[in-house]
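Protein chains in written order, with the numbering used here: chain A, 1 to 481; chain B, 1 to 250.
Treat the hints with caution; some may be incorrect.
To be verified - Calculated cross-link-like contacts (lysine-lysine; reagent style BS3-like; alpha-carbon spacing at most 30 Å):
1. B:Lys122 - A:Lys454
2. B:Lys110 - A:Lys470
3. B:Lys122 - A:Lys470
4. A:Lys160 - A:Lys61
5. A:Lys425 - B:Lys122
6. A:Lys454 - B:Lys190
7. B:Lys100 - A:Lys425
8. A:Lys346 - A:Lys454
9. A:Lys454 - B:Lys100
10. B:Lys108 - A:Lys470
Stated by the list, open to error - Here are the simulated distance ranges between beta carbons:
11. B:Ser147 - A:Glu383: 22 to 32 Å
12. A:Lys470 - B:Ser139: 17 to 27 Å
13. A:Gly427 - B:Glu209: 30 to 40 Å
To be verified - From the derived model, a few chain A residues whose C-beta atoms are all more than 10 Å from chain B:
14. Tyr62
15. Ala83
16. Ile439
I should point out that these hints are in silico values taken from the structure, not numbers from a laboratory.
All C-beta atoms in this analysis are idealised placements derived from N, C-alpha and C, irrespective of residue type, glycine included.
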Amino acid sequence: MAYTEEELKKELETKEYEYGFYTDIESETFPNGLNEEIVIAISKKKGEPEWMTLWRLEAFKYWKEMEEPEWANVHYQKPDFQAISYYSAPKKADPNKTLDDVDPELLEMYKKLGISVDEQKKLQNVAVDIVMDSVSVATTFKKTLAEKGIIFCSISEAIKDHPELVKKYIGSVVPKKDNFYAALNSAVFSDGSFCYIPKGVRCPMELSTYFRINQAGTGQFERTLVIADEESYVSYLEGCTAPSRDENQLHAAVVELIALDGAEIKYSTVQNWFPGGKDGKGGVFNFVTKRAMVEKNAKVSWTQVETGSAVTWKYPSCILKGDNSIGEFYSIAVTNNYQQADTGTKMVHIGKNTKSTIISKGISAGKSQNSYRGLVQVNSRAEGARNFSQCDSLLMGNECGAHTFPYIEAKNKSAMIEHEATTSKIGEDQIFYCNQRGIDTEKAIALIVNGFSKEVLNKLPMEFAVEAQKLLEISLEGSVG
Amino acid sequence: MLKIKDLHASVEDKEILKGINLEVKAGEVHAIMGPNGSGKSTLASVIAGNENFEVTQGSIELSGEDLEEVSPEERAHKGVFLSFQYPVEIPGVSVTNFMKTAINESRKAKGLEDMPAKDMLKLIREKSELLEIDRKFLSRSLNEGFSGGEKKRNEIFQMAMLEPKVAILDETDSGLDIDALRIVASGVNKLKSKDNAVILITHYQRLLEYIVPDYVHVLHNGKIVKSGGKELALELEEKGYDWLKQETAV
Numbered sequence: 001m002a003y004t005e006e007e008l009k010k011e012l013e014t015k016e017y018e019y020g021f022y023t024d025i026e027s028e029t030f031p032n033g034l035n036e037e038i039v040i041a042i043s044k045k046k047g048e049p050e051w052m053t054l055w056r057l058e059a060f061k062y063w064k065e066m067e068e069p070e071w072a073n074v075h076y077q078k079p080d081f082q083a084i085s086y087y088s089a090p091k092k093a094d095p096n097k098t099l100d101d102v103d104p105e106l107l108e109m110y111k112k113l114g115i116s117v118d119e120q121k122k123l124q125n126v127a128v129d130i131v132m133d134s135v136s137v138a139t140t141f142k143k144t145l146a147e148k149g150i151i152f153c154s155i156s157e158a159i160k161d162h163p164e165l166v167k168k169y170i171g172s173v174v175p176k177k178d179n180f181y182a183a184l185n186s187a188v189f190s191d192g193s194f195c196y197i198p199k200g201v202r203c204p205m206e207l208s209t210y211f212r213i214n215q216a217g218t219g220q221f222e223r224t225l226v227i228a229d230e231e232s233y234v235s236y237l238e239g240c241t242a243p244s245r246d247e248n249q250l251h252a253a254v255v256e257l258i259a260l261d262g263a264e265i266k267y268s269t270v271q272n273w274f275p276g277g278k279d280g281k282g283g284v285f286n287f288v289t290k291r292a293m294v295e296k297n298a299k300v301s302w303t304q305v306e307t308g309s310a311v312t313w314k315y316p317s318c319i320l321k322g323d324n325s326i327g328e329f330y331s332i333a334v335t336n337n338y339q340q341a342d343t344g345t346k347m348v349h350i351g352k353n354t355k356s357t358i359i360s361k362g363i364s365a366g367k368s369q370n371s372y373r374g375l376v377q378v379n380s381r382a383e384g385a386r387n388f389s390q391c392d393s394l395l396m397g398n399e400c401g402a403h404t405f406p407y408i409e410a411k412n413k414s415a416m417i418e419h420e421a422t423t424s425k426i427g428e429d430q431i432f433y434c435n436q437r438g439i440d441t442e443k444a445i446a447l448i449v450n451g452f453s454k455e456v457l458n459k460l461p462m463e464f465a466v467e468a469q470k471l472l473e474i475s476l477e478g479s480v481g
Numbered sequence: 001m002l003k004i005k006d007l008h009a010s011v012e013d014k015e016i017l018k019g020i021n022l023e024v025k026a027g028e029v030h031a032i033m034g035p036n037g038s039g040k041s042t043l044a045s046v047i048a049g050n051e052n053f054e055v056t057q058g059s060i061e062l063s064g065e066d067l068e069e070v071s072p073e074e075r076a077h078k079g080v081f082l083s084f085q086y087p088v089e090i091p092g093v094s095v096t097n098f099m100k101t102a103i104n105e106s107r108k109a110k111g112l113e114d115m116p117a118k119d120m121l122k123l124i125r126e127k128s129e130l131l132e133i134d135r136k137f138l139s140r141s142l143n144e145g146f147s148g149g150e151k152k153r154n155e156i157f158q159m160a161m162l163e164p165k166v167a168i169l170d171e172t173d174s175g176l177d178i179d180a181l182r183i184v185a186s187g188v189n190k191l192k193s194k195d196n197a198v199i200l201i202t203h204y205q206r207l208l209e210y211i212v213p214d215y216v217h218v219l220h221n222g223k224i225v226k227s228g229g230k231e232l233a234l235e236l237e238e239k240g241y242d243w244l245k246q247e248t249a250v
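Work out the full structure: start from the sequences and follow the hints.
Shown next as structure tokens:
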């Protein structure tokens, strides 16, 4: 088969979202709309202490006065924030349940997603904290972790059981009024994960959370807080899938990472929210604020593979506050059909001899628009700051777009900042070359895309990398490349 | 093995091949020579199934099967191999990974399991020795930053790995220095057997000193205008193509 524009288009159209099923679980949903009563009701429902309720109310107050940002290179019908239900919990959830007690229908759903909790437990040495429609339903490996003093639980539990840690760090990296979506999240966040690694402890396993938007018309607002105490290490995985729905669903998460002196956090994400149909209908709006505070000699690496969502607005960032701290951002963003992604990072160099690396790979197909937006900021006292950025774009077909918006602000003369960018297109000649060696067009696209993304895929933990590769294939061949 | 009958092919309505007849039997080596623009590379592309070219008339048969409806990858599975004149780069995909994928896709098409890693390793070792290829070379991205000679050597390495029935070598000699030419030619000679066939496309007689053809065909203006034994190549070298152009014009 030769590889003409027409054929490529056809091929890309055939991929339907394969996780598009809906499991019928009884759930309790709040009425639509957002006001102070709803905020209070969420807090009450979760049995939160008063300080938390007040914190939420304050965030709500800020949010009311804020406006949705419009600077991103994305176009969409703004969500009607009064038409969304802000809380939906599977009714049967009970934090004291063991995995064996988990609703079999839930487990069935994970199986469809290829995430068997049992299997993960036994085979993969991964502790999983599953967040589904806002409430954490199963947490494993807690005991092993507890022996090392590691706390890994839902944020709701942490608010009750470890208020001193939550109080100290929540909102310390992403303040309540940081931006429109962060404020919204602070007011109504439903659940999320909390992780604390004590001083000098190396977390013996990858920690993992799977998110999934299940209930129709519910927004999902997770809150994740990871604290790595001095000289500790943790690798954290976050995976996301959403069943297909026609209405756009809103997802506005906040992730805060705190790496204290000498600590290291690796935070990996594979995001596969429903991207919308091939006609551009439906899909998830993903407006996420992710930021890390990096103290002296500490290191934070963000690695993300973004294949889903109708609209993505996401900039995992590092505040390199401490001297000699290191920030890294490795990203693959795939857009197909009518998907729009505006994603990148912010590296703020405050401490001396701080280093940052940005590797961004954007893959656009169909009629999609893929933008990299990055800020490298070197403050006046950041002697010897160093940054390297590389932004590569791969285009498939003639109707998609790739855009790069690098911002550089250097206020210290000793700073060294490098930026490299390339744009390439999958060529008919490359496809024919593969065909001639017996590799069909779909496999050829997967091969080329994987090759293009290799530097980033290599940064993912092994079992996650395999999954990410599969996702890339689904997204581009037949609908994944 | 390969039977081409009255083949006409065009690109963007411009006819390039104007009635090619060629039969290549197992165990034979054919050389196709001819001036620039005579249609040599087009012929190679059409045999491999490149759909940028439209076959307007005639047929290509491989072992008795008409290839008209057969996709390029299926042709490859059936044993057609093309050593490209200009091999493309595929960044991030190592030579090894590429070969592994190619071999396993062919096996899949034949209903076989993936080749066990142990066997694959053995095969790679064997074939890379044949072409005097350094192991480090195999981990590099396919054709990225390769010299002209390395690209051509890599093509023949792939041929060795895939063991095709009919191998078409499109100007494999161009860009090779004399040492590389010798290595590549000796590789091709070792791969030759009574069960496969080789078609050499070249401008020069030089390659034919190393890989001796059974037949030489001269392509001019989309047609084979003269066929003969290996001595025809020498005659061409001596007299140039103008002689033939004049002769065929008469």
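Per the hint of 30 to 40 Å, is the separation of the Cβ atoms of Gly427 of chain A and Glu209 of chain B within bounds?
-> holds, 35 Å
Interface-negative label, Tyr62 of chain A against chain B, beta-carbon threshold 10 Å | Tyr62 of chain A is indeed farther than 10 Å from all Cβ atoms of chain B, at 45 Å.
Decide if the proposed pair is consistent with the structure: Lys346 of chain A and Lys454 of chain A, CA atoms, cutoff 30 Å inclusive.
-> Within the cut-off at roughly 22 Å; holds.
Pair hint outcome, Lys100 of chain B versus Lys425 of chain A [Cα-Cα no greater than 30 Å] | holds, 24 Å
Lys110 of chain B and Lys470 of chain A: Cα distance at most 30 Å?
-> holds, 24 Å
Restraint check for Lys122 of chain B with Lys470 of chain A, where alpha carbons must lie at most 30 Å apart = holds, 28 Å
Would you mind confirming whether the straight-line C-alpha gap from Lys160 of chain A to Lys61 of chain A stays at or under 30 Å?
-> holds, 24 Å
Pair hint outcome, Lys454 of chain A versus Lys100 of chain B [Cα-Cα no greater than 30 Å] = holds, 17 Å
Is 22 to 32 Å right for how far apart the beta carbons of Ser147 of chain B and Glu383 of chain A are?
-> violated, 44 Å
Evaluate the given range 17 to 27 Å for the C-beta pair formed by Lys470 of chain A and Ser139 of chain B.
-> holds, 24 Å
Given pair status - Lys190 of chain B, Lys454 of chain A, alpha carbons within 30 Å = It is violated: about 36 Å lies between the C-alpha atoms, which goes past 30 Å.
Just checking, Ala83 of chain A versus chain B, shortest CB gap more than 10 Å?
-> Non-interface label stands for Ala83 of chain A: nearest chain B Cβ at 44 Å, farther than 10 Å.
Consistency note: the structure conflicts with the earlier hints numbered 5, 6, 11 and 16.
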